[in-house]
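Whenever a hint applies, use it, and build me the whole structure from the sequences.
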Amino acid sequence: MIEIKPQKISASEVSVPGSKSYTHRILIGAALSDGVCTIHNGLKSEDTTHTLEALRQMGVAIEIDGSKFIVQGTKGMLKPRTEPVYLGNSGTSMRLLTAVAALGKGIYTLTGTKRMGERPIQDLVDGLKQIGVNARSVNSNGCPPLEIKGGDLAGGSIALKCGISSQFLSALLLIAPYTKNGIDINVIEGPVSRPYVDMTVEVMERLGVGIRRDGYERFWVQGGQTYRSGSYTVEPDCSQAGYFWAAAAITGAEIMVKGVNRKSRQGDVRFVEILEAMGCKVSYQKDGIQVSGKDLTAVTTDMADMPDMVPTLAVVAAFASGTTVIENVAHLKAKESDRLGSVVNELSKMGIAVSCSDSGMMITGGNPGGAEIDTYGDHRIAMSFALAGLKVPGIFIKDERCVEKSFPNFWEVFGGLYKE
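Heads up, the sequence shown is in my numbering, so the first residue is 132 and it goes up one at a time.
Just so you know, these hints were derived from the structure itself, not from any lab.
These numbers were taken from a predicted model, which means no experiment stands behind them.
Any given hint might turn out to be false.
Heads up, simulated BS3-like pairs for lysine-lysine below, C-alpha to C-alpha not over 30 Å straight-line [as the list claims (entries may be wrong)]:
(1) Lys206 to Lys311
(2) Lys236 to Lys210
(3) Lys529 to Lys139
(4) Lys136 to Lys529
(5) Lys280 to Lys236
(6) Lys389 to Lys412
(7) Lys311 to Lys236
(8) Lys425 to Lys522
(9) Lys412 to Lys522
(10) Lys280 to Lys206
Here it is as C-alpha coordinates:
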(Lines of atoms letter the chains of each structure in order from A and count residues from 1; the text may use other names and numbers.)
(Lines give C-alpha, C1' and ligand atoms only; values in the text may rest on other atoms or scores of the structure.)
Protein backbone atom coordinates (compact mmCIF):
# COMPACT_ATOMS: atom_id res chain seq x y z
CA MET A 1 0.00 0.00 0.00
CA ILE A 2 1.30 3.48 -0.83
CA GLU A 3 0.18 6.92 0.26
CA ILE A 4 -0.35 9.69 -2.28
CA LYS A 5 0.35 13.11 -0.79
CA PRO A 6 -0.95 16.36 -2.28
CA GLN A 7 1.93 18.22 -3.90
CA LYS A 8 2.33 21.03 -6.38
CA ILE A 9 2.75 19.72 -9.91
CA SER A 10 5.94 20.99 -11.47
CA ALA A 11 6.11 18.86 -14.64
CA SER A 12 4.51 20.22 -17.79
CA GLU A 13 5.31 17.31 -20.12
CA VAL A 14 4.80 13.57 -19.69
CA SER A 15 5.69 10.56 -21.85
CA VAL A 16 3.60 7.39 -21.64
CA PRO A 17 4.42 3.91 -22.99
CA GLY A 18 3.23 2.37 -26.24
CA SER A 19 -0.43 1.43 -26.67
CA LYS A 20 -1.39 -1.85 -25.01
CA SER A 21 -4.15 -2.50 -27.55
CA TYR A 22 -1.90 -1.90 -30.56
CA THR A 23 0.92 -3.97 -29.04
CA HIS A 24 -1.30 -7.06 -28.65
CA ARG A 25 -2.58 -6.76 -32.22
CA ILE A 26 0.76 -6.05 -33.91
CA LEU A 27 2.42 -8.91 -31.98
CA ILE A 28 -0.22 -11.30 -33.32
CA GLY A 29 -0.03 -9.95 -36.87
CA ALA A 30 3.78 -10.19 -36.77
CA ALA A 31 3.61 -13.75 -35.42
CA LEU A 32 1.41 -14.79 -38.35
CA SER A 33 3.40 -12.80 -40.95
CA ASP A 34 5.62 -13.96 -43.80
CA GLY A 35 8.99 -12.96 -42.31
CA VAL A 36 10.86 -10.95 -39.70
CA CYS A 37 8.97 -8.07 -38.07
CA THR A 38 10.56 -5.41 -35.89
CA ILE A 39 8.14 -3.72 -33.50
CA HIS A 40 9.29 -0.41 -32.03
CA ASN A 41 7.86 1.14 -28.83
CA GLY A 42 5.77 -1.95 -28.05
CA LEU A 43 4.45 -2.03 -24.49
CA LYS A 44 6.21 -4.37 -22.09
CA SER A 45 3.64 -5.09 -19.39
CA GLU A 46 2.03 -8.03 -17.66
CA ASP A 47 -0.77 -8.25 -20.24
CA THR A 48 1.37 -7.95 -23.36
CA THR A 49 3.89 -10.41 -21.88
CA HIS A 50 1.08 -12.96 -21.58
CA THR A 51 0.39 -12.56 -25.31
CA LEU A 52 4.09 -12.68 -26.19
CA GLU A 53 4.79 -15.79 -24.08
CA ALA A 54 1.69 -17.57 -25.41
CA LEU A 55 2.84 -16.95 -28.98
CA ARG A 56 6.26 -18.34 -28.05
CA GLN A 57 4.54 -21.43 -26.65
CA MET A 58 2.79 -21.79 -30.01
CA GLY A 59 6.17 -21.86 -31.76
CA VAL A 60 6.76 -18.19 -32.58
CA ALA A 61 10.38 -17.00 -32.15
CA ILE A 62 10.32 -13.59 -30.43
CA GLU A 63 13.40 -11.70 -29.26
CA ILE A 64 13.34 -8.62 -27.05
CA ASP A 65 16.14 -6.20 -27.93
CA GLY A 66 16.00 -3.09 -25.76
CA SER A 67 12.83 -1.27 -26.75
CA LYS A 68 12.19 -3.53 -29.76
CA PHE A 69 10.40 -6.83 -30.28
CA ILE A 70 11.85 -8.90 -33.14
CA VAL A 71 9.28 -11.46 -34.28
CA GLN A 72 9.89 -14.29 -36.74
CA GLY A 73 6.65 -14.76 -38.63
CA THR A 74 5.23 -18.26 -39.08
CA LYS A 75 2.98 -17.67 -42.11
CA GLY A 76 0.14 -18.78 -39.85
CA MET A 77 1.62 -22.21 -39.14
CA LEU A 78 1.64 -22.61 -35.35
CA LYS A 79 3.04 -25.53 -33.37
CA PRO A 80 1.01 -27.79 -31.09
CA ARG A 81 1.05 -27.20 -27.32
CA THR A 82 0.14 -29.94 -24.88
CA GLU A 83 0.57 -27.88 -21.68
CA PRO A 84 -2.08 -25.26 -20.78
CA VAL A 85 -1.34 -21.69 -21.90
CA TYR A 86 -1.72 -19.34 -18.91
CA LEU A 87 -2.97 -15.83 -19.68
CA GLY A 88 -3.44 -14.35 -16.20
CA ASN A 89 -6.29 -11.82 -16.19
CA SER A 90 -5.52 -10.44 -19.63
CA GLY A 91 -8.89 -10.39 -21.35
CA THR A 92 -7.34 -9.15 -24.59
CA SER A 93 -4.87 -12.06 -24.63
CA MET A 94 -7.59 -14.61 -23.90
CA ARG A 95 -9.98 -13.36 -26.56
CA LEU A 96 -7.53 -12.74 -29.38
CA LEU A 97 -5.53 -15.92 -28.77
CA THR A 98 -8.67 -18.06 -28.59
CA ALA A 99 -9.09 -17.34 -32.29
CA VAL A 100 -5.36 -17.61 -33.05
CA ALA A 101 -5.30 -21.09 -31.47
CA ALA A 102 -7.81 -22.19 -34.12
CA LEU A 103 -5.01 -21.82 -36.70
CA GLY A 104 -2.68 -24.20 -34.84
CA LYS A 105 -2.35 -27.97 -34.65
CA GLY A 106 -3.93 -30.13 -31.98
CA ILE A 107 -5.83 -29.08 -28.88
CA TYR A 108 -4.89 -25.90 -27.01
CA THR A 109 -6.06 -25.17 -23.47
CA LEU A 110 -6.17 -21.48 -22.52
CA THR A 111 -6.49 -20.66 -18.84
CA GLY A 112 -6.03 -17.74 -16.44
CA THR A 113 -6.81 -16.33 -13.01
CA LYS A 114 -9.94 -16.95 -10.94
CA ARG A 115 -11.38 -13.65 -12.22
CA MET A 116 -10.67 -14.73 -15.82
CA GLY A 117 -12.81 -17.78 -15.12
CA GLU A 118 -15.73 -15.38 -14.52
CA ARG A 119 -15.32 -13.31 -17.70
CA PRO A 120 -17.78 -14.32 -20.45
CA ILE A 121 -16.44 -15.46 -23.82
CA GLN A 122 -19.21 -17.76 -25.13
CA ASP A 123 -20.16 -15.37 -27.95
CA LEU A 124 -16.67 -15.75 -29.43
CA VAL A 125 -16.77 -19.54 -28.98
CA ASP A 126 -20.11 -19.58 -30.80
CA GLY A 127 -18.62 -17.50 -33.61
CA LEU A 128 -15.72 -19.92 -34.04
CA LYS A 129 -18.08 -22.89 -34.06
CA GLN A 130 -19.94 -21.34 -37.01
CA ILE A 131 -16.79 -21.72 -39.14
CA GLY A 132 -16.16 -25.28 -38.01
CA VAL A 133 -13.82 -24.75 -35.06
CA ASN A 134 -14.18 -27.24 -32.23
CA ALA A 135 -14.05 -24.93 -29.19
CA ARG A 136 -15.60 -25.19 -25.75
CA SER A 137 -15.68 -23.74 -22.27
CA VAL A 138 -14.09 -26.44 -20.09
CA ASN A 139 -16.45 -25.73 -17.19
CA SER A 140 -19.48 -25.34 -19.49
CA ASN A 141 -20.17 -21.85 -18.07
CA GLY A 142 -19.29 -19.75 -21.12
CA CYS A 143 -16.05 -18.57 -19.49
CA PRO A 144 -12.41 -19.72 -19.56
CA PRO A 145 -10.64 -22.10 -19.32
CA LEU A 146 -11.17 -22.95 -22.97
CA GLU A 147 -10.24 -25.84 -25.21
CA ILE A 148 -9.72 -25.06 -28.89
CA LYS A 149 -8.91 -27.68 -31.50
CA GLY A 150 -6.74 -26.10 -34.19
CA GLY A 151 -6.62 -27.09 -37.82
CA ASP A 152 -7.17 -25.91 -41.37
CA LEU A 153 -9.94 -23.33 -41.42
CA ALA A 154 -12.30 -23.16 -44.37
CA GLY A 155 -13.92 -19.92 -43.19
CA GLY A 156 -17.48 -18.95 -43.96
CA SER A 157 -20.26 -16.77 -42.56
CA ILE A 158 -20.60 -15.79 -38.90
CA ALA A 159 -23.48 -14.10 -37.08
CA LEU A 160 -21.63 -12.58 -34.13
CA LYS A 161 -22.72 -11.04 -30.85
CA CYS A 162 -20.41 -8.24 -29.64
CA GLY A 163 -22.51 -6.73 -26.86
CA ILE A 164 -19.98 -7.75 -24.19
CA SER A 165 -16.72 -7.09 -26.01
CA SER A 166 -15.56 -5.82 -29.40
CA GLN A 167 -12.57 -8.16 -29.00
CA PHE A 168 -14.73 -11.08 -30.15
CA LEU A 169 -14.92 -9.33 -33.53
CA SER A 170 -11.24 -8.31 -33.49
CA ALA A 171 -10.20 -11.90 -32.76
CA LEU A 172 -12.07 -13.30 -35.76
CA LEU A 173 -10.89 -10.51 -38.06
CA LEU A 174 -7.24 -11.14 -37.16
CA ILE A 175 -7.37 -14.81 -38.24
CA ALA A 176 -9.66 -14.28 -41.23
CA PRO A 177 -6.83 -13.91 -43.82
CA TYR A 178 -5.59 -17.40 -42.90
CA THR A 179 -8.88 -19.15 -43.72
CA LYS A 180 -9.23 -20.87 -47.08
CA ASN A 181 -12.40 -19.10 -48.23
CA GLY A 182 -12.37 -15.96 -46.11
CA ILE A 183 -14.84 -14.81 -43.50
CA ASP A 184 -18.08 -12.82 -43.76
CA ILE A 185 -19.05 -11.47 -40.31
CA ASN A 186 -22.50 -10.07 -39.63
CA VAL A 187 -22.55 -8.30 -36.24
CA ILE A 188 -25.99 -8.97 -34.73
CA GLU A 189 -25.40 -7.32 -31.34
CA GLY A 190 -23.11 -4.35 -30.56
CA PRO A 191 -20.26 -3.85 -31.02
CA VAL A 192 -19.33 -1.99 -27.87
CA SER A 193 -15.98 -0.14 -27.77
CA ARG A 194 -16.05 0.53 -31.51
CA PRO A 195 -12.69 2.35 -31.78
CA TYR A 196 -10.93 -0.91 -30.88
CA VAL A 197 -12.42 -2.48 -34.01
CA ASP A 198 -10.99 0.40 -36.05
CA MET A 199 -7.58 -0.25 -34.46
CA THR A 200 -7.75 -3.92 -35.46
CA VAL A 201 -8.66 -3.01 -39.04
CA GLU A 202 -5.85 -0.44 -39.14
CA VAL A 203 -3.27 -3.01 -37.98
CA MET A 204 -4.47 -5.54 -40.56
CA GLU A 205 -4.21 -2.95 -43.33
CA ARG A 206 -0.78 -1.77 -42.14
CA LEU A 207 0.39 -5.37 -42.39
CA GLY A 208 -0.90 -5.63 -45.95
CA VAL A 209 -4.25 -7.40 -45.60
CA GLY A 210 -7.33 -6.16 -47.45
CA ILE A 211 -10.66 -5.84 -45.65
CA ARG A 212 -14.10 -4.57 -46.65
CA ARG A 213 -16.69 -3.34 -44.20
CA ASP A 214 -20.12 -1.82 -43.92
CA GLY A 215 -19.73 0.39 -40.85
CA TYR A 216 -19.66 -1.83 -37.79
CA GLU A 217 -22.32 -4.25 -39.00
CA ARG A 218 -20.63 -6.30 -41.73
CA PHE A 219 -17.01 -7.26 -42.41
CA TRP A 220 -15.54 -9.27 -45.30
CA VAL A 221 -11.97 -10.59 -45.37
CA GLN A 222 -10.69 -12.72 -48.27
CA GLY A 223 -8.93 -15.95 -47.41
CA GLY A 224 -5.45 -16.94 -48.53
CA GLN A 225 -3.85 -13.66 -47.49
CA THR A 226 -0.71 -13.25 -45.36
CA TYR A 227 0.43 -10.45 -43.09
CA ARG A 228 3.47 -8.66 -44.47
CA SER A 229 6.69 -8.55 -42.49
CA GLY A 230 8.41 -5.22 -41.88
CA SER A 231 9.13 -2.55 -39.31
CA TYR A 232 6.20 -1.25 -37.25
CA THR A 233 5.99 1.43 -34.54
CA VAL A 234 3.43 1.43 -31.73
CA GLU A 235 2.01 4.87 -30.89
CA PRO A 236 1.69 6.10 -27.26
CA ASP A 237 -1.22 4.73 -25.23
CA CYS A 238 -4.10 7.22 -24.99
CA SER A 239 -5.67 5.34 -22.05
CA GLN A 240 -2.49 5.98 -20.07
CA ALA A 241 -2.32 9.55 -21.33
CA GLY A 242 -5.78 10.06 -19.85
CA TYR A 243 -4.49 9.80 -16.27
CA PHE A 244 -2.20 12.75 -16.79
CA TRP A 245 -4.78 14.87 -18.59
CA ALA A 246 -7.09 14.10 -15.66
CA ALA A 247 -4.34 15.11 -13.22
CA ALA A 248 -4.25 18.51 -14.90
CA ALA A 249 -8.04 18.78 -14.68
CA ILE A 250 -8.12 17.99 -10.96
CA THR A 251 -5.18 20.17 -9.90
CA GLY A 252 -5.47 23.12 -12.29
CA ALA A 253 -2.02 22.37 -13.76
CA GLU A 254 -0.98 22.35 -17.42
CA ILE A 255 0.19 18.94 -18.61
CA MET A 256 1.08 17.86 -22.14
CA VAL A 257 1.34 14.18 -23.05
CA LYS A 258 3.99 13.89 -25.72
CA GLY A 259 3.61 11.99 -28.97
CA VAL A 260 -0.19 11.73 -28.88
CA ASN A 261 -2.05 12.72 -32.05
CA ARG A 262 -5.69 13.82 -32.13
CA LYS A 263 -6.15 11.72 -35.31
CA SER A 264 -5.32 8.51 -33.45
CA ARG A 265 -7.74 5.61 -33.92
CA GLN A 266 -7.59 5.08 -30.16
CA GLY A 267 -10.99 6.12 -28.86
CA ASP A 268 -9.52 7.32 -25.58
CA VAL A 269 -7.85 10.29 -27.28
CA ARG A 270 -11.35 11.83 -27.17
CA PHE A 271 -11.21 11.91 -23.37
CA VAL A 272 -9.77 15.41 -23.71
CA GLU A 273 -13.04 16.51 -25.35
CA ILE A 274 -14.94 15.47 -22.21
CA LEU A 275 -12.47 17.35 -20.02
CA GLU A 276 -12.94 20.37 -22.30
CA ALA A 277 -16.72 20.11 -21.85
CA MET A 278 -16.11 20.08 -18.09
CA GLY A 279 -14.24 23.39 -18.34
CA CYS A 280 -10.61 22.53 -19.11
CA LYS A 281 -8.62 24.12 -21.90
CA VAL A 282 -7.27 21.68 -24.49
CA SER A 283 -4.41 22.53 -26.81
CA TYR A 284 -3.49 20.29 -29.75
CA GLN A 285 0.19 20.73 -30.50
CA LYS A 286 2.45 19.14 -33.07
CA ASP A 287 4.28 17.12 -30.42
CA GLY A 288 1.35 16.20 -28.15
CA ILE A 289 -1.92 17.23 -26.51
CA GLN A 290 -2.01 19.59 -23.53
CA VAL A 291 -4.77 19.97 -20.95
CA SER A 292 -4.98 23.00 -18.65
CA GLY A 293 -7.16 22.50 -15.60
CA LYS A 294 -9.92 24.99 -14.80
CA ASP A 295 -13.00 25.00 -12.55
CA LEU A 296 -14.86 21.79 -13.35
CA THR A 297 -18.58 21.35 -14.01
CA ALA A 298 -20.51 18.10 -14.45
CA VAL A 299 -21.34 16.52 -17.81
CA THR A 300 -23.60 13.80 -19.16
CA THR A 301 -21.67 11.58 -21.56
CA ASP A 302 -21.91 8.28 -23.41
CA MET A 303 -18.75 6.28 -22.65
CA ALA A 304 -19.56 3.13 -24.65
CA ASP A 305 -16.51 3.72 -26.86
CA MET A 306 -14.19 4.76 -23.99
CA PRO A 307 -14.81 2.16 -21.27
CA ASP A 308 -11.25 2.23 -19.93
CA MET A 309 -11.59 5.93 -19.11
CA VAL A 310 -14.72 5.54 -16.96
CA PRO A 311 -12.90 5.16 -13.60
CA THR A 312 -10.73 8.17 -14.50
CA LEU A 313 -13.72 10.30 -15.44
CA ALA A 314 -15.53 9.22 -12.26
CA VAL A 315 -12.63 10.46 -10.11
CA VAL A 316 -12.51 13.77 -12.02
CA ALA A 317 -16.29 14.08 -11.57
CA ALA A 318 -15.82 13.89 -7.79
CA PHE A 319 -14.14 17.31 -8.02
CA ALA A 320 -16.70 18.89 -10.39
CA SER A 321 -19.76 20.93 -9.44
CA GLY A 322 -23.02 19.16 -10.23
CA THR A 323 -23.86 15.55 -11.06
CA THR A 324 -21.96 13.78 -13.83
CA VAL A 325 -23.88 11.03 -15.63
CA ILE A 326 -21.94 8.26 -17.39
CA GLU A 327 -24.05 6.26 -19.85
CA ASN A 328 -23.88 2.99 -21.85
CA VAL A 329 -21.15 1.15 -19.96
CA ALA A 330 -22.83 -2.13 -18.96
CA HIS A 331 -19.80 -3.99 -20.40
CA LEU A 332 -17.66 -2.62 -17.55
CA LYS A 333 -19.07 -5.30 -15.27
CA ALA A 334 -17.01 -7.92 -17.15
CA LYS A 335 -13.64 -6.15 -16.93
CA GLU A 336 -10.69 -6.94 -14.62
CA SER A 337 -13.12 -6.09 -11.83
CA ASP A 338 -16.78 -5.06 -11.91
CA ARG A 339 -15.67 -1.50 -12.63
CA LEU A 340 -19.05 0.05 -11.97
CA GLY A 341 -19.35 -1.51 -8.54
CA SER A 342 -15.66 -0.97 -7.72
CA VAL A 343 -15.77 2.75 -8.52
CA VAL A 344 -18.99 3.26 -6.54
CA ASN A 345 -17.51 1.51 -3.50
CA GLU A 346 -14.31 3.55 -3.46
CA LEU A 347 -15.84 6.97 -4.20
CA SER A 348 -18.39 6.29 -1.45
CA LYS A 349 -15.52 5.72 1.00
CA MET A 350 -14.27 9.21 0.07
CA GLY A 351 -17.64 10.75 0.96
CA ILE A 352 -18.84 11.27 -2.60
CA ALA A 353 -22.50 10.69 -3.51
CA VAL A 354 -22.36 8.08 -6.25
CA SER A 355 -24.64 5.35 -7.59
CA CYS A 356 -24.72 2.97 -10.53
CA SER A 357 -27.36 1.21 -12.60
CA ASP A 358 -26.90 -1.81 -14.84
CA SER A 359 -25.50 0.41 -17.57
CA GLY A 360 -24.25 3.66 -16.06
CA MET A 361 -23.14 5.76 -13.13
CA MET A 362 -24.00 9.07 -11.45
CA ILE A 363 -21.39 11.03 -9.48
CA THR A 364 -22.21 14.21 -7.58
CA GLY A 365 -19.10 16.30 -7.03
CA GLY A 366 -18.22 17.49 -3.56
CA ASN A 367 -15.31 17.57 -1.15
CA PRO A 368 -13.62 14.16 -1.37
CA GLY A 369 -11.92 12.90 1.78
CA GLY A 370 -9.05 10.51 2.40
CA ALA A 371 -9.56 6.73 2.19
CA GLU A 372 -7.78 3.43 1.77
CA ILE A 373 -8.59 2.45 -1.79
CA ASP A 374 -9.18 -1.21 -2.59
CA THR A 375 -8.02 -1.86 -6.14
CA TYR A 376 -9.68 -5.28 -6.72
CA GLY A 377 -6.52 -6.31 -8.60
CA ASP A 378 -7.57 -3.78 -11.26
CA HIS A 379 -4.85 -1.55 -12.68
CA ARG A 380 -7.28 1.13 -13.81
CA ILE A 381 -8.81 1.51 -10.35
CA ALA A 382 -5.33 2.00 -8.85
CA MET A 383 -4.20 4.59 -11.38
CA SER A 384 -7.49 6.51 -11.43
CA PHE A 385 -7.79 6.86 -7.67
CA ALA A 386 -4.15 7.87 -7.32
CA LEU A 387 -5.20 11.09 -9.08
CA ALA A 388 -7.43 12.03 -6.14
CA GLY A 389 -4.38 11.96 -3.89
CA LEU A 390 -2.88 14.89 -5.82
CA LYS A 391 -5.57 17.06 -4.21
CA VAL A 392 -6.83 15.12 -1.17
CA PRO A 393 -4.67 14.12 1.82
CA GLY A 394 -4.92 10.61 3.19
CA ILE A 395 -5.35 8.64 -0.04
CA PHE A 396 -3.75 5.20 0.24
CA ILE A 397 -3.67 2.81 -2.73
CA LYS A 398 -3.67 -0.88 -1.82
CA ASP A 399 -1.93 -3.49 -4.00
CA GLU A 400 -0.27 -0.72 -5.98
CA ARG A 401 1.70 -3.21 -8.06
CA CYS A 402 -1.43 -4.18 -9.99
CA VAL A 403 -0.52 -1.32 -12.38
CA GLU A 404 2.09 -3.67 -13.88
CA LYS A 405 -0.74 -5.15 -15.93
CA SER A 406 -0.59 -2.22 -18.35
CA PHE A 407 1.81 0.50 -17.12
CA PRO A 408 4.74 -1.00 -15.17
CA ASN A 409 6.48 2.33 -14.51
CA PHE A 410 3.30 4.25 -13.68
CA TRP A 411 4.41 5.25 -10.17
CA GLU A 412 7.71 6.55 -11.52
CA VAL A 413 6.00 8.67 -14.20
CA PHE A 414 3.32 9.77 -11.71
CA GLY A 415 5.99 10.80 -9.19
CA GLY A 416 7.68 12.78 -11.92
CA LEU A 417 4.71 15.15 -11.94
CA TYR A 418 5.91 16.85 -8.79
CA LYS A 419 9.60 16.04 -8.46
CA GLU A 420 11.84 18.93 -9.47
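Hint consistency between Lys389 and Lys412 [alpha-carbon to alpha-carbon, up to 30 Å]: Holds - the C-alpha atoms of Lys412 and Lys389 are around 17 Å apart, at most 30 Å.
task: Measure nothing beyond the straight line between the CA atoms of Lys412 and Lys522; if it is 30 Å or shorter, mark the hint as holding.
output: holds (19 Å)
Proposed proximity, Lys311 with Lys206 (alpha carbon, max 30 Å): It holds: about 14 Å lies between the C-alpha atoms, which stays within 30 Å.
query: Can the restraint linking Lys280 and Lys206 be considered satisfied, given a maximum Cα separation of 30 Å?
result: The hint holds at about 19 Å.
Restraint check for Lys280 with Lys236, where alpha carbons must lie at most 30 Å apart: Distance of about 7 Å is within 30 Å: holds.
query: Taken at face value, is the distance from the CA of Lys522 to the CA of Lys425 at most 30 Å?
result: Since the Cα atoms of Lys425 and Lys522 sit roughly 14 Å apart, the hinted pair holds (cutoff 30 Å).
- request: Quickly compare the C-alpha distance for Lys136 and Lys529 to 30 Å and report which way the hint goes.
  value: holds (15 Å)
- prompt: Is the Cα-Cα distance between Lys529 and Lys139 30 Å or less?
  reply: This hinted pair holds, its Cα atoms lying about 23 Å apart.
query: For the pair supplied as a hint, Lys236 and Lys210, is the alpha-carbon distance within the 30 Å limit?
result: holds (6 Å)
message: Does Lys236 sit within 30 Å of Lys311, going by the straight-line distance between their CA atoms?
response: Satisfied, since the Cα-Cα distance of roughly 16 Å is no more than 30 Å.
Violated hints are absent here; each numbered hint is respected by the structure.
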